[in-house]
Amino acid sequence: MTLLSVENLSIRFGTPDGDVHAVNDVSFDIAAGETVALVGESGSGKSQIALSILGLLAPNARTSGRIMYGGRDLLSLKRRELNKVRAKEIAMIFQDPMSSLNPYMTIERQLNESLELHEGLRGAAARKRVLEVLDAVQIPDARNRLRAYPHEFSGGMRQRIVIAMALLCNPKLILADEPTTALDVTVQAQIMRLLDDIRRDMGTAILLITHDLGVVAGSCENTLVLYSGKVMEHAPTRALFAEPQHPYTRGLLRAVPNIHDEAGALHAIPGQPPNTMRALTGCPFAPRCVDAIAACHQIVPPLEGDALRQRACIRPVEELT
Amino acid sequence: MTNPQTPEQTPDNPEHHPRTMFGARRQHEAAELAAAEEMIVSRSFWADARRRFVKNRMAMIGCFFVVLIFLFAAFGGVFAQYNIEEIDWSLLGKVETEGGPNLTNGHWFGVDELGRDLYARVVQGTRVSLLVGFVAGITSVMIGSIFGAIAGYYGGRTDQFIMAAYNITLSIPYIIFFVVWQAFFGRSVTQMVLVMILINWTAGLLITRGQVMTLKNREFVDAARMLGLSDLKIIARHILPNMLWVIVIYTSITIPDAIMMESLVSFLGVGIQEPQTSWGALISEGASTMTYGTLWQLMFPALFFAVNQISLYYIGDGLRDALDPKER
Numbered sequence: 001m002t003l004l005s006v007e008n009l010s011i012r013f014g015t016p017d018g019d020v021h022a023v024n025d026v027s028f029d030i031a032a033g034e035t036v037a038l039v040g041e042s043g044s045g046k047s048q049i050a051l052s053i054l055g056l057l058a059p060n061a062r063t064s065g066r067i068m069y070g071g072r073d074l075l076s077l078k079r080r081e082l083n084k085v086r087a088k089e090i091a092m093i094f095q096d097p098m099s100s101l102n103p104y105m106t107i108e109r110q111l112n113e114s115l116e117l118h119e120g121l122r123g124a125a126a127r128k129r130v131l132e133v134l135d136a137v138q139i140p141d142a143r144n145r146l147r148a149y150p151h152e153f154s155g156g157m158r159q160r161i162v163i164a165m166a167l168l169c170n171p172k173l174i175l176a177d178e179p180t181t182a183l184d185v186t187v188q189a190q191i192m193r194l195l196d197d198i199r200r201d202m203g204t205a206i207l208l209i210t211h212d213l214g215v216v217a218g219s220c221e222n223t224l225v226l227y228s229g230k231v232m233e234h235a236p237t238r239a240l241f242a243e244p245q246h247p248y249t250r251g252l253l254r255a256v257p258n259i260h261d262e263a264g265a266l267h268a269i270p271g272q273p274p275n276t277m278r279a280l281t282g283c284p285f286a287p288r289c290v291d292a293i294a295a296c297h298q299i300v301p302p303l304e305g306d307a308l309r310q311r312a313c314i315r316p317v318e319e320l321t
Numbered sequence: 001m002t003n004p005q006t007p008e009q010t011p012d013n014p015e016h017h018p019r020t021m022f023g024a025r026r027q028h029e030a031a032e033l034a035a036a037e038e039m040i041v042s043r044s045f046w047a048d049a050r051r052r053f054v055k056n057r058m059a060m061i062g063c064f065f066v067v068l069i070f071l072f073a074a075f076g077g078v079f080a081q082y083n084i085e086e087i088d089w090s091l092l093g094k095v096e097t098e099g100g101p102n103l104t105n106g107h108w109f110g111v112d113e114l115g116r117d118l119y120a121r122v123v124q125g126t127r128v129s130l131l132v133g134f135v136a137g138i139t140s141v142m143i144g145s146i147f148g149a150i151a152g153y154y155g156g157r158t159d160q161f162i163m164a165a166y167n168i169t170l171s172i173p174y175i176i177f178f179v180v181w182q183a184f185f186g187r188s189v190t191q192m193v194l195v196m197i198l199i200n201w202t203a204g205l206l207i208t209r210g211q212v213m214t215l216k217n218r219e220f221v222d223a224a225r226m227l228g229l230s231d232l233k234i235i236a237r238h239i240l241p242n243m244l245w246v247i248v249i250y251t252s253i254t255i256p257d258a259i260m261m262e263s264l265v266s267f268l269g270v271g272i273q274e275p276q277t278s279w280g281a282l283i284s285e286g287a288s289t290m291t292y293g294t295l296w297q298l299m300f301p302a303l304f305f306a307v308n309q310i311s312l313y314y315i316g317d318g319l320r321d322a323l324d325p326k327e328r
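These protein sequences, in sequence, are chains A and B.
FYI, this note's numbering numbers position 72 of the first sequence as 72, with every residue one higher than the one before it.
FYI, this note's numbering numbers position 273 of the second sequence as 273, with every residue one higher than the one before it.
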């Protein structure tokens, strides 16, 4: 059952120097209880997609397309209506747990805010729910730490609190914007396992935004590979890793350091991401692509394929190196 | 089965453990984490700041003097033997020689040029100066902060409009404004406070605007928006508490500045109407007669003024050291 459906989403930012084309014609679906990964390098527009779902884009952003949720287009909702969806239906986990908690508020007060707003819970009932969720995210000794301030927690603990904040109102979808980027590797694994547990036990769908392919491999059913605001490949994660069908995905996977590689050489994709100040006139990856032909620079490749897996490349899979 | 510790029952084996909300292996992990993280006694930012402030000796001395001056303003009148406009005819023509501070005739601070009791007048002047300084100073910062917060949060047109008003206010020569305003509305204390607020409403505007601009891009503000909070709640609960320290510090600087401004205009003769007086007016009178050797007429108001200003600045300094998160 489709929970959220992004249809032909484009996002532009008006700047004094012209428009930045951050997201170009992106479409994908998230089913209930599913984990979808949005992978791409910095500036590929992956965070902007998440922000647009909750209407949190910067004021100079213009969007086109639709984001359908529960029969409504989230992009056209008024602030007042959107506020009812926020946190209650769709919640977001931000990247940096050091700055996504208000340093001047105890964690209990911060957690109470959304409960009060969306569930009308106060006092003992609110505290009960807060403790329940803090236990769920494995904050040890939660009862005694309700009145602590964010700076009294470690990074991993803070991210757990941020996750608890997102879970409070039992949302159907959680947007996790690089939830592990600011954490060290051992804590990353714990947080990813926690998110996995949440999905399994509560049936919450997760849109995981990351640039870390290792994180994706372990936890997501479907993966979208984004480049310069455009979907390059969309496939079940297992299949994507086993046989990538887009030159960019191939390059990305080759760039993952391999511990068995005796030479220890690091593979990189030569070149730089394109300037997003220009509208797409061809495949955005073409200038860096080893398989590019003349036509690649002139035709914006459409996302084609079957229901399970799609790719945006005009060259057939068999011809790729 | 001889060994009770079959793999199925090891607590470390996640597969075969009774599931709680997320499975018991997490509980196990959590216990380890609990042991690893030390229990810390919670101490709020403000409790911390208070502790640091109390430790600051100069700030505490400043507080002591300011409290004394406040007590003097509030209860000093009780000990006055004369009222502020009563002329002591017995000293007429002899102010220079016999008008000095004197414990027997009740003129504790001596008399002024006209033979009025200086003690009573200093009490009165202290009241006016403190009243004008604190009321105008605090109100100005509050108004400025509100406009600064609005400008910073909404940006765009709103910001441009408020900044235009700010620049226009800065370009008004305030002494001329004082003179014109008081020519129209009279020279009462109320008018004084009013015109000071009108001139100083920009106090704290720029600094709060800048703070809000930085704060609104912090992730916890995004998080608050994600939770569906209204703008008003976001400003009141998330942005304001995070910059309250800036406002407190700025207020502590603005109050002595307001007292200074009041004294300056009173010194120039466009301040409070006689027989009401203020520190500035008293200093002005004292300075005009100092060549006759009646130095007490300058000394007493100047002493109160200087002690008060220095104390307030030290308090402001102490507040900044105590509240600035970067100092920690």
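Think of the hints as simulated: they come from the structure by calculation, not from any bench.
You may find that some hints are simply not true.
As the list claims (entries may be wrong) - Listed next, the in silico DSBU-like pairs over lysine-lysine satisfying Cα-Cα at most 35 Å (straight line):
#1 K128/A <-> K216/B
#2 K78/A <-> K88/A
#3 K216/B <-> K172/A
#4 K78/A <-> K94/B
Going through the hints against the structure:
{"no.": "1", "hint": "K128/A <-> K216/B", "in the structure": "31 Å, holds"}
{"no.": "2", "hint": "K78/A <-> K88/A", "in the structure": "16 Å, holds"}
{"no.": "3", "hint": "K216/B <-> K172/A", "in the structure": "27 Å, holds"}
{"no.": "4", "hint": "K78/A <-> K94/B", "in the structure": "81 Å, violated"}
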